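S.K.: For this one, chain A is given, so just place chain B on it according to the hints.
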Amino acid sequence: ELKVEQNPLFLSMQEGKNYTIYCNYSTTSDRLYWYRQDPGKSLESLFVLLSNGAVKQEGRLMASLDTKARLSTLHITAAVHDLSATYFCAGPTYGGATNKLIFGTGTLLAVQP
Amino acid sequence: GAGVSQTPSNKVTEKGKYVELRCDPISGHTALYWYRQSLGQGPEFLIYFQGTGAADDSGLPNDRFFAVRPEGSVSTLKIQRTERGDSAVYLCASSLGHGNTIYFGEGSWLTVV
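Residue numbers (the numbering used here), protein chains in the order written: chain A, 1 to 113; chain B, 1001 to 1113.
None of these hints come from the bench; they were simulated from the model.
Across the chosen pairs, the derived CB separations fall in these ranges:
no., chain 1, residue 1, chain 2, residue 2, range
1, A, Lys-56, B, Val-1068, 31 to 39 Å
2, B, Ser-1038, A, Asn-18, 29 to 37 Å
3, A, Asp-30, B, Ala-1055, 15 to 23 Å
Remember, predicted model here, so these are calculated numbers, not experimental data. We put the beta carbon where it would ideally sit given N, CA and C, even for glycine.
Chain A extracted, bound-state conformation (with noise of 0.2 Å):
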């Protein structure tokens, strides 16, 4: 079954500084999902990559996927507090009739004033 990983688990950095988080999974994936989670709330759908080489921006976030590699990257540009929050990569296993994700195990991420 598909195991997906995160790293780095915790990210401090200071505002105005870029930094980027990675996602490794283990079988071929064709698509890979980013949330984003604040503390005590669910999980907010912040890009869906459908192929490979798929890159989709919103605002200071920006995420590619790379199938032949396995790795997809969260890149956080000039950052600001508001992105304080825990991010979730999870990709899809399918065979037979499922349609379920597997989600890393998150990246906490604090940016400090």
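M.R.: Just chain B now, with coordinates in the frame of chain A:
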């Protein structure tokens, strides 16, 4: 409705009691998922419905857990003889189907004392 709705938002129950958690998906979404999230962890898949049928229930931890979706819309997750280890946030999600964004509800926080 505008989003995935879950009730109750919080439930405290005694060990050994029976609990039902309800999920009302986004109107028109045929796919419905239940996940469980423990503190500091990523969501863990429980069960996936396509229409009325459970297409994949491989994540249900044991036979104390059961879920139904009799009319292909609202779903109920049922937990019998609750144990303290069942304490977690139970998240429901829905989507239009394969390859589409999966939207999560706010979750039902279950505490077994």
